[in-house]
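Q: The lines below spell out each chain.
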Amino acid sequence: MYMQGVANRLGVVFFPAFDWAISPTHPERQERLLYTMDQLKEEGVFDIPGIEEYRPDEAGLEDVRRVHFSFPDTESHLTPSHLIAAGGAIKAAKLLREGDADKAFALVRPPGHHAMKAVHGGRGFCNVNIEAIMVEYLREHYGVGRVAIVDTDCHHGDGTQDVYWHDPETLYISLHQDGRTLFPGSGFSSELGGPKALGKTINIPLPPRTSDEGFLHAVDEVVLPILEDFRPEIVINSAGQDNHFSDPLTDMNFSAQGYAALNQRLNPDIAVLEGGYSIHGALPYVNTGIILAMAGLDYAYVREPDFDPESLRQDKRTREYIHQICSQARQSYFHPPDSGISRNMEDGYFVRSKEIFYDTDFITERQREHLLDCDHCSGLLLMESSSSRLKNCLGIEIPRGACQRCQSAGQMYFDKAQQNESLRNMQLIDRPGGAVRRFRRE
Amino acid sequence: MLLGIDVGGTHTDAVLLDRSGLLASAKVETRQDDLLQSIHAALGRIRDLAGEVEVQRFNLSTTLCTNAIVQDELKPVGVMVSAGPGIDPENFRIGDHYEVIRGGLDHRGEEIQALDLDQVEQCTKRFLDQGLRVFAAVGKFSPRNPEHEESMVRAISDRAAFLTAGHWISGQLNFPRRIATSYYNSAVWPIFNEFANSVESSLREHHISPQLNILKADGGTMPLSQARRLPVESIFSGPAASVMGLMALCDIEEDALMLDVGGTTTDVGVFAGGDPLVEAESVELVHRPTLVRAMKTESIGLGGDSAIALSEDLCRVGPRRLGASLACGGEQATLVDALNCISEETFGDRDASIRGMREIGSGLQCSVEEAALRVVRQSCRSLREKTMAMLERINERPVYTVHEFLESRRIEPGKLYIMGGPARLLAPYLSREFGLPVVVPDNAGVANALGAALARPTLQAELFADTHLHHMTVPVLGRQERVSRDYTLKQAKRDLSEDLCRFVRDNYHWSVDESEAEVVEESAMNMVRGVHTVGQDIRVKCQIKPGITPDYEGVVKCICKELPTG
Ligand SMILES: [Zn+2]
Ligand SMILES: [Zn+2]
Chain C
1 MYMQGVANRL GVVFFPAFDW AISPTHPERQ ERLLYTMDQL KEEGVFDIPG
51 IEEYRPDEAG LEDVRRVHFS FPDTESHLTP SHLIAAGGAI KAAKLLREGD
101 ADKAFALVRP PGHHAMKAVH GGRGFCNVNI EAIMVEYLRE HYGVGRVAIV
151 DTDCHHGDGT QDVYWHDPET LYISLHQDGR TLFPGSGFSS ELGGPKALGK
201 TINIPLPPRT SDEGFLHAVD EVVLPILEDF RPEIVINSAG QDNHFSDPLT
251 DMNFSAQGYA ALNQRLNPDI AVLEGGYSIH GALPYVNTGI ILAMAGLDYA
301 YVREPDFDPE SLRQDKRTRE YIHQICSQAR QSYFHPPDSG ISRNMEDGYF
351 VRSKEIFYDT DFITERQREH LLDCDHCSGL LLMESSSSRL KNCLGIEIPR
401 GACQRCQSAG QMYFDKAQQN ESLRNMQLID RPGGAVRRFR RE
Chain U
1 MLLGIDVGGT HTDAVLLDRS GLLASAKVET RQDDLLQSIH AALGRIRDLA
51 GEVEVQRFNL STTLCTNAIV QDELKPVGVM VSAGPGIDPE NFRIGDHYEV
101 IRGGLDHRGE EIQALDLDQV EQCTKRFLDQ GLRVFAAVGK FSPRNPEHEE
151 SMVRAISDRA AFLTAGHWIS GQLNFPRRIA TSYYNSAVWP IFNEFANSVE
201 SSLREHHISP QLNILKADGG TMPLSQARRL PVESIFSGPA ASVMGLMALC
251 DIEEDALMLD VGGTTTDVGV FAGGDPLVEA ESVELVHRPT LVRAMKTESI
301 GLGGDSAIAL SEDLCRVGPR RLGASLACGG EQATLVDALN CISEETFGDR
351 DASIRGMREI GSGLQCSVEE AALRVVRQSC RSLREKTMAM LERINERPVY
401 TVHEFLESRR IEPGKLYIMG GPARLLAPYL SREFGLPVVV PDNAGVANAL
451 GAALARPTLQ AELFADTHLH HMTVPVLGRQ ERVSRDYTLK QAKRDLSEDL
501 CRFVRDNYHW SVDESEAEVV EESAMNMVRG VHTVGQDIRV KCQIKPGITP
551 DYEGVVKCIC KELPTG
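Which chain is which? The protein sequence lines are C and U, in order.
For the first sequence, the numbering used here assigns the number 1 to the initial residue and increments by one for each residue that follows.
For the second sequence, the numbering used here assigns the number 1 to the initial residue and increments by one for each residue that follows.
Possibly wrong hints are sitting among the right ones.
Residues from chain C that face chain U, not an exhaustive set, calculated with beta carbons under 7 Å [stated by the list, open to error]:
# : residue
1 : Pro16
2 : Trp20
3 : Lys41
4 : Arg55
5 : Pro432
Quick caveat, the hints were computed from the structure, so don't treat them as lab data.
Here a beta-carbon is modelled for each residue, glycine too, at the ideal position from N, C-alpha and C.
Only chain U is shown next, with the shape it has when bound in the complex:
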């Protein structure tokens, strides 16, 4: 039996299911000041509905870390960076305790300047004197050669409650992102760790002892042990949960778009050939770009409760929200009110909506229906324009080979999946505006919790080998070894997929077949000195991609009936 809980901004949703389908679902209000209590309440409800059950896996999606970062409730972190030449690392200063240590590597990972261990020691002492307990150690080009980071780790670790080394986060090159991500990882650790302890004891109170996993921003899960090491990966799991929920509910096989219409915003997700788009460089935290792998989603500042603003003979919808819609007892006409005037289905206090739209209509010198129609069309147009701009940015992404330039596949959505409160009302108008068939899945109300419950582990790792230097490394898996001149791309691909699967088996308690490790990028380039080939530069990126837990595919499938276009 699987349990999924999604702690969202306003509601906490929980679902319980087994291979026969959904057994129970519950919705409680989220108490932002006490997320644990919200989880507790949701668990209680589920138990009331389903009684004592044997839960094997419990997947939790929580805003805990996101909130801590956005609301600046972070613990102080001692950050040490070693940089070498390039952009002045002062530019990447983060937090109140940041020190640049002398030492540096070049782009191949070769040492330019030895790490100043005396400075590391003095800096550690100073940080400890300042009462710091958590640290981050980040070196430039550490994915190429983690040695400087490892040295810092060795120097600090005995005296640290928690520590993040940059190369544990990602094998991707991006020093400023690695610094920010490592900092946030350490800064949220004290909060996350305490939370994790409380959740575990809370489960004991409920007499269940499932394997506990945390949902990540990329739509995959990680076991709690791994989450305690990389808590930053749990940020922005909400949009990922809704994408996964959609995957659980509908068979998506083509290029498609997901529009999750909330109160104030609409989250847009993109599917390419049925797979959700995941990116390593999409998440920004407090204006700092990070290396957290995440579902490629964008938030458009327009939702059901977006207020209608009237100026001259134009009306604009969003991005402001001035409270609930009139239909729900609010004070200002919103998109939902406009929909309420022209839809067959009604929502809340329809008369209030009509009164509001009449006022807008008189401003525009037109009837209630016409005013409502204009507002709805305007909103749909705005959603389409912003969605298409996002798609264009994805399709116009830089490519680095002639082959990719000439052959790269464009994403061309053939279907629109709409979720969220006003989904059903908005669907026909969005369909007409986008010129695409639309699906509004059933059960969309608990899609996020379903997505959390049914998500499976994901992992990505990069391998880099320089056969001229006889060096091979897989930074996030901590592998580093000597290879011969004859090491090949083929071997590299095999090594990496084996490593990835082994890591998942050993650390995620999840049996994974090597066929599931998908090579997403590979290159091997001859390194030439003078006129001689002296080695190869080999790079492989491998992933276990997001998906629905095997054996549970289809158990909550909705009848994805397409609405007629227009």
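Bound-form chain C, shown alone:
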């Protein structure tokens, strides 16, 4: 009997971009998915009845502009590869919604979860947030509402967190190596989302050397109970694979078996590849494991040649610490502390200031953000931003489901801002109107 039947029809959008690199010896280089391809082909995964390989779509600029404030403009941060990676995620979403697959995996590069709401350049190998582009595509074209993104990349997905900070309809849960020990240095338990979306961002900063046991504990004790309460229409796994015990950039002890088990329990509708740079020792096995688990197939024999569960076992202290972090994270969702709300108000707006560093492009950005405290919607967002390369930018977002007042206030701000000589670059994202306006002062 050739292969058991799949429990879920799985679409795999595979795009390894063999001719694209950030730079020749950068971890995000041509070779990254070469051995993953070899493993998948040799395993014959695309011959398994019910598992189908697809070519990605190419995302349009409008798909990016719906999500990001890009300065000076959208095009300057993009190569075709970014649009294809984002288009790969979109293709995965389409497969699901068009009924071509029950689940989908966008195995594409480059990744996206460090790209924030405003984009001045590349951060953590990311220029645009491919998950966010996919999620907003789903909302725009398929009327999807509540979405949960579970980010299992080893690095805190500060970009995705930032994009959805104020969105009560998007639950963002990140499991990552503690920010005190790894880029980007954020993702602490106290980061819980904006005042209008408190508890919809949940961070689980795990200690170095967390193993399968610790990750699965977090899934069972935190992620699954929260998902059950939040009731998302779609669950997305932001499936970075750099928490692998052999990854050169990080210090965790996750394995292919653990990764497959995580996906089996999480049962995501869509997985999107993020990081993962152990290109020989981890990616071929982890990706095979994810594919089998998502399709509902046996993955018991998918293990790394050097896998030794004994040597990866967590010590008692690590285990206790993880349990403590997890119960705190769970508490933060079900009973978000009042102290988590920024009480900093100006004329009825919540105010927040941020400084952002773009490690890939070596840019520093300062932001000042105003969110209208609206009783009728999640509130108009104004974001002033200046970077070390480009000063005086403004982003305005009229959010999905914005009330009439926020809609007209947003348009008015954009019109008025054009008369302000000091502002040089402006973008208005008008979600209810399905439009983006841009203005650039020469």
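Dock chain U with the ligands against the given chain C, drawing on the hints supplied.
A: Same frame as chain C, but now just chain U with the ligands:
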């Protein structure tokens, strides 16, 4: 002089030709229980027509192996696989004697676990005790490093009548396909080998001693010696023969489609810039995907004898066949009967067709002509939809580079070539439905035999080099050697095309120029460890593509007159 025989499902066709053109052709019924007799009969006919002749090459296309597999007349095979980590190899179990041997390689071909030679020995003994004589030895990632397969071969070969090692089949990565293909190769060997012996002695009886070649699924030939080693490559040569036949008859230079309309099915073939599309991963045998390289053809369940089914005010054609058409004395109205009512040319018993269509017409409350027209249009629409879906799948194939994503060429057929019994009747309707000019070649009746006769050798091989490990291998040609850090893609391409040509010259008795070895895929990627480039991963795929035997191009060309569209 060239002789070609195509043993098909119902007929066996034979042609004899020289550089001046077709000398003789013959058609006899195929006796499924005795293919050899069918060949014998066809040969006899040719001899009656042409007398004693000197035949240099005899190319044979036969359903022998396909039938043996589909009808499950296979000999038992002892299958040994070594797998390493990944999908549980139990999933790929095939046949009644399948054993997983401890040992494994990783994706670079580096040993993870040594092959358990004791287990190989015990397993061999057990297989022999069970009376097995043919074997297959397949290792995961053997195209990267054939060592484990070679070890198994060394252990078994002295005691085996026949043996297949996975890497002899293909350099393409796909373990489950390699297992299935190796198994089938060994399982059909006893039948094929005996058949080959009989054909040779039959030729002696006919006093001809040509060089004997077997047609492969990719439209190329292999010498009998090679076919005895890889008999599985002879499966599904029928559709390949008809594609080659079309190439012999017509000058195809553009993107085009071939529709070969048979009794129950229509085979669709695709040409890109005049070359037929060939694929390494298209053939399935008894639901097992294989690595047999084959013409990219798809079979649509609609042919001339497809029955017309009436439901409410709709009529449907196919996929069922309930016997011959009314025109040929059958009991049920078919597509051919519908065509017979509205065409100028007639076929068989036209009155019977009209009676049948009148009945259909009364069900649909319309005239005979209208009913017939609806049936024909419906059939053409169905053929177009399925053909376009196939084309879409080809055009939407995954690509792995930004360059290919942005630049890859779509196949957009500009012409339709129609063959098969009802071709001439169906042509104007298909032309209108597809919106394309149509060609119905003459001599299409013996196209398959012509295709077989005029086909030439094909071969494909893959080279893989890992200059970090100083390792280079060309699995199907059995080449494996140490290379330096400085080995380049350019050298790899030259090595592979030279090897390929040498192999063809030595084993196929065919002189081939290196310019004919076409590089179809190439890549060289830097391998980086830490921040240092430590080597290159070099991959080249090279082929000698299907084509018509040189000097015979054009000898049977038909006047490919285009029918006016619509
Ligand atoms: Zn990461
Ligand atoms: Zn509002």
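Q: For every hint, state whether the structure bears it out.
A: Hints, one by one, checked against the model:
Satisfaction of the interface hint for proline 16 of chain C is found here, the shortest Cβ-Cβ separation to chain U being roughly 5 Å, below the 7 Å cut-off. The criterion of a C-beta within 7 Å of any C-beta in chain U is met by tryptophan 20 of chain C, whose closest approach is roughly 5 Å, and the hint holds. Given the 7 Å rule on beta carbons, the hint for lysine 41 of chain C holds: about 4 Å separates it from the nearest Cβ of chain U. The closest approach between the C-beta of arginine 55 of chain C and any C-beta of chain U is roughly 5 Å, which is under the 7 Å cut-off, so the hint is satisfied.
Annotation: proline 432 of chain C was flagged as interfacial toward chain U, and the flag is violated, the nearest CB pair being 34 Å apart, outside 7 Å.
Of the numbered hints listed earlier, the single one contradicted by the structure is hint 5.
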